[in-house]
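Engineer: Below are the chains, spelled out letter by letter.
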Amino acid sequence: MSKRIDARGLSCPQPVVLSAQQVVAGNLDFEIVVDTEVSCENVRRFLSAKGYRIARNEEDDGIVLRANRS
Amino acid sequence: MELFFASRRGVISAGAIIGIIAAVLQKLGNPGNMGLCMACFERDTAGALGFHRVGALQYIRPEILGILLGATLSAVAFKEFRSRGGSSVVVRFILGIFAMIGALVFLGCPWRAFLRLAGGDWNAILGILGLAAGVGIGAVFIRRGYSLGRAHPTAGSLPGWIMPALMLGLLALLVGGFGKLGPEVGDKAAARAPLLLSLAGGLVVGVLAQRSRFCTMGALRDIFIVRDLHLFCGVAAFTVAALLLNVAFGQFHAGWQGQPVAHAEHLWNFLGMTLAGLCFVLAGGCPGRQLILAGEGDNDSGIFVLGMIVGAGVAHNFGLASSPAGHGAFGPAAIAIGIVFSLVVGLTMIQRRRA
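In order, the protein sequences belong to chains D and S. For the first sequence, the numbering used here assigns the number 70 to the last residue and increments by one with no breaks. For the second sequence, the numbering used here assigns the number 355 to the last residue and increments by one with no breaks.
Calculated from the structure, these hints are not laboratory results. Treat the numbers as computed from the prediction; the structure is a model and nothing was measured. Mixed in with the good hints there might be a few duds.
Only pairs whose alpha carbons sit at most 35 Å apart, straight line, appear in this in silico DSBU-like list of lysine-lysine [unchecked claim]:
1) Lys188(S) to Lys27(S)
2) Lys3(D) to Lys50(D)
3) Lys50(D) to Lys79(S)
4) Lys188(S) to Lys3(D)
Chain D side only, calculated, beta carbon under 7 Å to chain S, not exhaustive [as the list claims (entries may be wrong)]:
5) Leu10
6) Pro13
7) Val38
8) Ser48
9) Glu59
10) Asp61
Just so it is clear, CB atoms sit at the ideal spot from N, CA and C, and this is done for glycine as well.
Produce the entire structure from the sequences given, and follow the hints as far as they go.
Structural biologist: The structure is reproduced here in structure tokens:
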């Protein structure tokens with residue numbers, strides 16, 4: 001089970017900062033939950049630039065972005 | 001279109017078109033280097049509602065209404081309208097007040113800082129450096145875990161519709177002949193483009209900024225925090241487009257002295273924008289971005305916008321705002337209080353994150 005980070009309801013740029021913390025920690029497989037398209041775009045752009053592949057999944061909780069880098 | 005505006009080319013295109021609209025609105029009658037300015041136009045709107053008594057600064061600026069309502073239209077069309085809020089609202093309100101005070105010491109929001117640069121007003125350089133300083137300080141707080149806390153969906157969508165409804169109410173006042181109490185001519189700061197063109201320009205800006213997430217503060221913040229130039233490219237395109245059109249229209253006048261609705265006190269240009277930049281970064285967006293988010297149903301941005309409108313009243317009623325002659329009597333004191341408040345917010349509102 002990959003780690004899930006809850007970034008819902010957070011202002012810019014906190015979802016990206018939370019993602020960056022995972023990147024710095026060397027986490028290669030995690031999920032981040034956001035609730036706005038803006039956060040989704042920002043996190044996707046940031047993690048893609050860091051070499052992660054992003055899979056998007058709409059759940060009841062919000063938009064779940066699964067980040068994976070192998 | 002959805003994917004286009006999320007791209008680098010998208011934000012550059014949106015920025016360039018917004019810059020063109022700003023230069024054209026100035027050509028059509030808006031004040032010098034003030035084709036678009038969130039702080040100035042909210043201040044004029046505050047004046048028109050009687051929140052301050054400066055005769056020349058009393059006009060419900062249609063651009064403000066257009067930008068917020070354009071964002072609402074765009075957000076609804078693209079299914080992004082979400083009524084939400086509840087994140088440290090009083091702090092955001094006060095940040096809005098101090099953001100406006102800082103902007104009125106400089107004489108412009110960040111959008112206008114770049115437009116002033118594009119018009120050859122070199123005093124804008126001090127403002128932009130101040131903005132970068134304020135955003136840089138805020139970036140340090142954000143890296144340390146600064147947060148105003150989470151926003152939550154509201155019970156029903158009514159709260160999200162209040163700001164758009166307020167704008168429609170102001171539009172009704174304007175069309176009904178209220179809200180333009182000041183002189184239409186005679187004072188540079190009172191100049192205005194025709195109402196319908198201002199409104200139309202604002203609507204287009206609102207849609208473009210909503211789609212592209214254009215943000216003048218975020219442009220600098222993302223450089224400091226994640227070394228990302230995405231938003232900065234939009235702001236650069238905005239500035240260059242306005243510059244080119246200003247030259248073409250004969251609106252470019254390089255120099256330090258005698259610039260329209262500006263003063264040449266370097267220290268206060270710098271510190272005014274330092275305070276404003278700090279408030280914007282702590283609240284998560286430049287004043288234009290806050291209007292856009294308020295139009296998308298974000299009550300936290302709505303309260304920041306209302307704070308800025310109240311701040312305009314405070315700034316003019318208590319002698320804090322600058323004029324072309326220089327800083328207001330109590331501007332420096334207000335800047336000091338504002339910076340202390342912002343630093344305390346930034347230093348104390350730290351979310352302890354579980355690893």
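Engineer: Please go over all the hints and tell whether each is borne out by the structure.
Structural biologist: Evaluation of the provided hints:
1. Lys188(S) to Lys27(S): Cα-Cα ~13 Å, so holds.
2. Lys3(D) to Lys50(D): holds (18 Å)
3. Lys50(D) to Lys79(S): holds (29 Å)
4. Lys188(S) to Lys3(D): Status violated; Cα separation ~58 Å.
5. Leu10: holds (6 Å)
6. Pro13: holds (6 Å)
7. Val38: holds (6 Å)
8. Ser48: With a closest approach of 11 Å, the Ser48(D) hint is violated.
9. Glu59: violated (15 Å)
10. Asp61: violated (12 Å)
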